[in-house]
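Q: Chain by chain, the residues:
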Amino acid sequence: MYTYTDFDERFVRNRVAEFRAQVARRIAGHLTEDEFKPLRLMNGLYLQLHAYMLRVAIPYGTLNAAQMRQLAMIADRWDRGYGHFTTRQNIQFNWPELRDVPDMLDALADVGMHAIQTSGNTIRNVTADHFAGAAADEIEDPRPYAELLRQWSTDHPEFQFLPRKFKIAVTGSPNDRAVTRAHDIGLRMVRDASGAPGFEVIVGGGLGRTPMVGKVLNPFLPREDLLPYVEAIVSVYNLLGRRDNKYKARIKITVHEHGIDEIRRLVNERFEQIRPTIPPIDPEYFAQIEQSFALPVFRAAPVDGYEATRAADPAFRAWTDTNLAPHRAEGHAIVSISLKSHGATPGDATSEQMRIMAKLAERYGHDELRISHEQNVILPHVHKSDLPAIYAQLRAAGLATANIGLVSDIIACPGMDYCALATARSIPVAQEIAMRFDELKLEHEIGPLKIKISGCINACGHHHVGHIGILGLDRAGVENYQITLGGDGTETTVIGERAGPGFSADEIVPAVERLVLGYLDLREAPDETFIEAYRRLGAAPFKAFLYPQEAKANAA
Amino acid sequence: MTRDFTPKVVTASALLEGDAVWLTEDDRWTRNMAEAELIEDEAHGDIRLLFAQSQSETVVGAYLADAKAGEAGPEPIHFREAFRTRGPSNYRHGKQEAGPNF
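Residue numbers (our numbering), protein chains in the order written: chain A, 1 to 556; chain B, 557 to 658.
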């Protein structure tokens, strides 16, 4: 994977030193909060409901064992012994003290990590398909391009004060696991007629209070034009985006107000203007970046032991059924480690669990780990013969929950348990749904189902693209939960439809239960998933499960 | 005292730790909401908030929050303010760690 050059190292160290001085001046009273706030936000430091929160970037969700171990060390030394992995493939520490943050940032710099541009109206951490470089369905590993974008966007002098935050996602697969259509810019690798890879450029997607599916700005962008083209988009947005109204400032509104054709015209104009001024990427330099993402050498070995264990151990078999994904190399698999054990906080890992995952990556996984936007951890390159040993160690650490893609594999934002912007809690709802379906022992029978929960309209929990989305709101001083149905965050992105009136905190879990059990009665066959049944039947029968009283009244 | 004024407390986050604090009648910042000054007059509330906002070296983001008189002192009305007196619901971290009162 990519390791810092001397330039990267110096840049990050200087930034830590600068922030250290800023923190000292704040504590000494030489900076007011108004002066300090933008400085701390530039370095990923938020002030939340109960404490500060440090959001650390995990570029394109890739990290190695040493980095994971350092996150564990930071959690133990300066936080509460755990970290929270987020829907932007970052990690958040929920309890740092202001004085300690510069030391935490130095500790991150020790392993080539930082918290720069994890907040503020800048280009945020570029996210990527968490199976990048390993997936069987991939055209090409998109991470060298994501790294290029990271270098280009970090401290970009023109783009430090955009109208609003700006999020880019990249995928190299036709099956979109990076939610590219819900990003400010989504890049999907495609091939042109001659078979050469390039990018489909999607712009203006986003969730939040005005959810929008991104539109195709350019169906095929040659790879060598990536930086000038993306620069042209952000540059057009920087001038055109609204600064008069925070809620209309994202590029999705700019695209909506001006129309995709006008945006395309402006971007092309700007692109033609700046392309000659941006030197093409030095092929030698890019080759070095590509080299740092080169595939490991995969070993050829028999998988008999794996098959035998599968046959003998039903728990192992269930785990392999749900938590493995097809790998590009013969005899290998992609392992998803669930951070969603029933009743646990989605996305949280203890420092001990982080160390175990680091050890497994080192021992069995070519020293690579990924964070998924679904808040799980991935071992991307594992030989199947190692799976029984990995499973045993995961199990001992409480990390072997066999639920990837199932009802309890819930995305949940921190909600009002931590977040100052939240209007209701998300975590307890996720915990209770997971516990309830575990109790019912129906999870595997229900099959693939994506539940996503946000604790406010900003939609960090991606509720709009959940098959079942839950949005927590404050209704007259009481937590209230709205359900959306039929959302989809893949290459066929759909914004879910609001089902009807919200439910109280006591009613929301029973409502979800009625919905899911109702689906079991409606499906044509066990392999018709919830979302397929919803698409076949429409919202009406599902609404009837949610609101049985109304359905009865209508029938009468 | 104005008739339709909902009583308030002044609350903020501590600069160094970032946790919730409340302003007392004798100008201290307390971590126990029950010790806070319950403000029953709008004009007095404005004055206390201005005072709090001048304490930039100690606290961040001072604001007035609705409260009511309880047995031991002021109590929160809104659930958000109630959470701030305790901590998160998924772990026993934050103020609730301190003891059984929370």
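Hint data in this document are derived by calculation from the structure and do not stem from the laboratory.
Among these hints, one or two may not hold up.
What the hints assert, rightly or not - Distance ranges between label pairs, derived from CB positions:
{"hint": "1", "chain 1": "B", "residue 1": "606", "chain 2": "A", "residue 2": "25", "range": "38 to 44 Å"}
{"hint": "2", "chain 1": "B", "residue 1": "634", "chain 2": "A", "residue 2": "4", "range": "44 to 50 Å"}
{"hint": "3", "chain 1": "B", "residue 1": "586", "chain 2": "A", "residue 2": "445", "range": "50 to 56 Å"}
{"hint": "4", "chain 1": "B", "residue 1": "613", "chain 2": "A", "residue 2": "420", "range": "55 to 61 Å"}
{"hint": "5", "chain 1": "A", "residue 1": "3", "chain 2": "B", "residue 2": "602", "range": "52 to 58 Å"}
No experiment lies behind these values; they were computed from the predicted model shown.
Even glycine gets a Cβ: it sits at the ideal position worked out from N, Cα and C.
Q: Hint by hint, which ones does the structure fall short of?
A: 1 and 4
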